[in-house]
Amino acid sequence: MLFLQQVSNGIMLGSVYVTVAVAFTLTIGVLNFLNFTIPTLFMLAGMLAWALSTWGVPTWGVPFVHIGPMPWQAALLFAVAATVVASLLVERFTFRFLKTRYGDATEHAIPLVSSLGFLLIIENLVRIGYGTDTQRFPGPQADMSVNIGGIFLRVPQLVSLVIVLGIVAGLNWILRHSRIGRGLRAIAENPDAANILGVQANKLVPVVFMLTGLLCGLAGVLFAINYGEVSPQMGDDIGSKAIAGMVLGGLGSIWGAVIGGLIIGLTEMLTIHFFGADTVQVAVWGLLLLTLFLRPQGLFGHHSIGKGKL
Amino acid sequence: MTAPTPLLSLHNISKRFGGLAVISDVSFDVSAGARMALIGPNGAGKTTIFNLVSGFYQPDEGDIMMEGRAIQTIASRHRIGLGIARSFQNIRLMPHLSVTENIMLGQQARAGGVVELLKPLSFFGHSHWRDEAQALLKDMGLHTYPGEVVANLPYGIRKKIEVVRALVARPKLLLLDEPAAGLNAAETDSLTGFLKRISDTGVTLLVVEHDMGLVRRLCDHVVVLNFGRKIYDGPTANVQNDPLVLEAYLGPRDAASPAKTAEGCHAA
Amino acid sequence: MSGYWSGILTILSINIIMAYAIFLPVATGQLNLGGAGFQAVGAYGAAFLSSKYGLSVWETIPFAMALTALVSFLIAFPLLRTKGVYLVLATFAFAEVVGGAILNSTMLGGPMGLSVPAFVEYQVPVLGALLVTIFIFYLMATRFGLVMRAAHDDDVVTDLMGVNVRGIRVAAFTIGGALAGLAGALYAHSFSFVEIQGFNASLSIYVLLYVLLGGTQTAWGPLAGALFFTMLPEALRVALPALKGWMGLAMGFQGARTAPDESWRFVILGILTVLMMMFRSEGLITRVMVEKLRFRHHAVRLARVDAPA
Chain A
89 MLFLQQVSNG IMLGSVYVTV AVAFTLTIGV LNFLNFTIPT LFMLAGMLAW ALSTWGVPTW
149 GVPFVHIGPM PWQAALLFAV AATVVASLLV ERFTFRFLKT RYGDATEHAI PLVSSLGFLL
209 IIENLVRIGY GTDTQRFPGP QADMSVNIGG IFLRVPQLVS LVIVLGIVAG LNWILRHSRI
269 GRGLRAIAEN PDAANILGVQ ANKLVPVVFM LTGLLCGLAG VLFAINYGEV SPQMGDDIGS
329 KAIAGMVLGG LGSIWGAVIG GLIIGLTEML TIHFFGADTV QVAVWGLLLL TLFLRPQGLF
389 GHHSIGKGKL
Chain B
-7 MTAPTPLLSL HNISKRFGGL AVISDVSFDV SAGARMALIG PNGAGKTTIF NLVSGFYQPD
53 EGDIMMEGRA IQTIASRHRI GLGIARSFQN IRLMPHLSVT ENIMLGQQAR AGGVVELLKP
113 LSFFGHSHWR DEAQALLKDM GLHTYPGEVV ANLPYGIRKK IEVVRALVAR PKLLLLDEPA
173 AGLNAAETDS LTGFLKRISD TGVTLLVVEH DMGLVRRLCD HVVVLNFGRK IYDGPTANVQ
233 NDPLVLEAYL GPRDAASPAK TAEGCHAA
Chain C
408 MSGYWSGILT ILSINIIMAY AIFLPVATGQ LNLGGAGFQA VGAYGAAFLS SKYGLSVWET
468 IPFAMALTAL VSFLIAFPLL RTKGVYLVLA TFAFAEVVGG AILNSTMLGG PMGLSVPAFV
528 EYQVPVLGAL LVTIFIFYLM ATRFGLVMRA AHDDDVVTDL MGVNVRGIRV AAFTIGGALA
588 GLAGALYAHS FSFVEIQGFN ASLSIYVLLY VLLGGTQTAW GPLAGALFFT MLPEALRVAL
648 PALKGWMGLA MGFQGARTAP DESWRFVILG ILTVLMMMFR SEGLITRVMV EKLRFRHHAV
708 RLARVDAPA
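If you read the sequences in order, they're chains A, B and C.
Quick note: the first sequence uses the numbering used here, first residue 89, plus one each step.
Quick note: the second sequence uses the numbering used here, first residue -7, plus one each step.
Quick note: the third sequence uses the numbering used here, first residue 408, plus one each step.
The set of hints was computed from the structure by calculation and includes no laboratory data.
Simulated pairs of lysine to aspartate or glutamate, DMTMM-like, Cα-Cα distance not exceeding 25 angstroms:
#1 A:Lys291 to A:Glu277
#2 B:Lys164 to B:Asp123
#3 C:Lys699 to B:Asp123
#4 B:Lys164 to B:Glu108
#5 B:Lys111 to B:Asp123
#6 B:Lys188 to B:Glu170
#7 B:Lys188 to B:Glu124
#8 C:Lys459 to C:Glu528
#9 B:Lys188 to B:Asp21
#10 C:Lys490 to A:Glu277
#11 B:Lys111 to C:Glu698
#12 B:Lys130 to B:Asp181
#13 B:Lys164 to B:Asp225
#14 B:Lys188 to B:Asp225
#15 B:Lys164 to B:Asp21
#16 C:Lys699 to A:Glu195
#17 C:Lys699 to B:Glu140
#18 B:Lys164 to B:Asp192
#19 C:Lys490 to A:Asp280
#20 B:Lys130 to C:Glu698
#21 B:Lys111 to B:Glu140
#22 A:Lys291 to A:Glu195
#23 B:Lys164 to B:Glu124
#24 B:Lys164 to B:Asp181
#25 B:Lys130 to B:Glu140
#26 C:Lys490 to A:Glu195
#27 C:Lys459 to A:Asp366
#28 B:Lys111 to B:Glu124
#29 C:Lys699 to B:Glu124
#30 A:Lys291 to A:Asp280
Keep in mind it's a predicted model, so treat the numbers as computed, not measured.
Next up, chain A with everything else stripped away, as it sits in the complex (with noise of 0.2 angstroms):
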């Protein structure tokens, strides 16, 4: 039974880390685009729903604007805005500035590199705001739980488990069927093709943005509710995993990120029930680097994405 409850338990933290993956592995299949200020934006909506409930929007000197420490409610909505706002940013600062001049080896990776400024700016700056200390979230009891056979399922987690699939099933959707999914696809497929055919990368690509904000953002005050608490080092270990759990799912697909983030959870839970806690990091990252060394593609993903030179 304790077996069991540490499988739903890991289905749990699986959920947390599905939604950063399937951040990952979108901006990675549409754009080629590792983007490591996914974690960071993680932990921004986390400490922002923390900052707001029991802070408030800081002044800036100004009357009259200051909005005072708000209901958590709607503390998480204005966290996750500001984290979409955050993404629409790091756009502007590092996407849009891919300039292949010379199509040399590690010039592909300008992105990249500046998203890992960007990873440094935000979590620092968040660390010189909100102290290094890991805060209470006051949000609703985070251990109301239901027993269905003798397994506790916390309710919180169970209604974000439910939230994550969803807006994966959703976004899968939008994919496959909108006008916006298709002219991502087709980026993905071949940016210059699309750009002839008409579609405007300029205004899709933000769109990439948007979306990676929004899951950022969502799995940042989920964790806040469930987990009670937040800090500013709360994305590194959460980014990590979930890019183990993008890999393991293959790189630009999104089912394979949601049971990569899955089983990476499971195993997590599973080597802390069978092995101590303190062999997860040599599990999660063995099972990694077993995968890239044997079977880069993951386990869905397209054999032709992140190939290309970096």
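Based on these hints, arrange chains B and C on the given structure of chain A.
Below, chains B and C without anything else, positioned relative to chain A:
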């Protein structure tokens, strides 16, 4: 007539990509010292032949012989040692290296061994290899640019530098993929003279080219490909009168598609 | 020399060596985002020999370098089969596996770290950095350096020129590994203590960033990057109080939360990275720039030669 062993000879070469036959049963010889052209409409398989000879692809069937030795299983990086060097349709010089350094890269095949790898290429601005590269650049009239980073140079100059880089490996056979593409008339003239001088030093030239003017002035022998098959193999002078070649470029007499006609006018 | 400056020189030297360790693979076109992992192997190798067997630094440092070189060599074969994003991820994953393995090893102290009895004064890292710098400048002037840069620009053509591109990349990776091992060993002996938390993903990111900021086309780039990155906090000592006040006002912080001053350094590093990628993605010091300076020098010399004639 007992001909000597040709320098390069292709025996019944076929190459398919997926279900698409790109080269079907092509055979021809390139004799030592020849100046030969490989022509044909777009998509005829000319560059594929180059890629097969330089080792990017393996033929599905047939043999590629260099001086009587089958080479199709030899790795691409060892082929320059056999005397095969090439240039590319879109110039592929190293953009961040200087002109001299690009030429010195061409010397690599002659400078094997770990010891040569670890000797400095510049000792107070000189070394055996650097001096040789600069002397060759001077010979070819390119000495004004030795220290320039290649990315900053004009197109025509870069085209020549790429040929010199292939040449410095002292190849027996030089494969040139559309050397005149993108050059204006004056530059093409200059290039033709340049290639003739190279040929006079004993290097065999095999040229893929659309500019028939250059082909006529430079090459004595032509192989024409169409849809991956050889349709002509003979002296340059007769190629324009060959009915198969005319049909390939202009289409069957009544059903000439406009695109092909334009292509044909340009080439013939 | 005051303890303050000797401390800075030590850190600077280790950063320079580490920059060159990452520079070598990057110069062949392989982004290595696992620097911390390789450095950790060297640091723990040296620390273990020193604490367990009481060996002197003249024994532990060569051992650490050889060990890290061996690990790099062995991992290079599967690692360099991956390309592009996959390579970045694989190097990153490698560093995490190393970190996790050390964390679980009771022999290596696990999360408690290892204390290192053999201590070196700042002169040793400084000498090390000097030798490594000379070595890299020499290497970049050889045919090996030429071939490395060629493989970065176009590996297909480099192969066609008769170069064993994979061999060159493995060699660059291995030499880089040895240097990372040296940096790690010097770290262990200079600070008398190693703990795996110090060799985290952030370290890998910083090293890669300051190498890329400096520029990877010449041996000057990593030197400039490491110098800048190490000296930045010193420059900030003057500017930081004002900066803090201004930020506090702008963001309306409440409560007395003091962030580590390090954060400011990383914000600035991040901003510079983003700006650099926007406007000068090839890094601060480029080949063209070095060539220009050399030409000017050359022109002066030519003028002198020509003058009497």
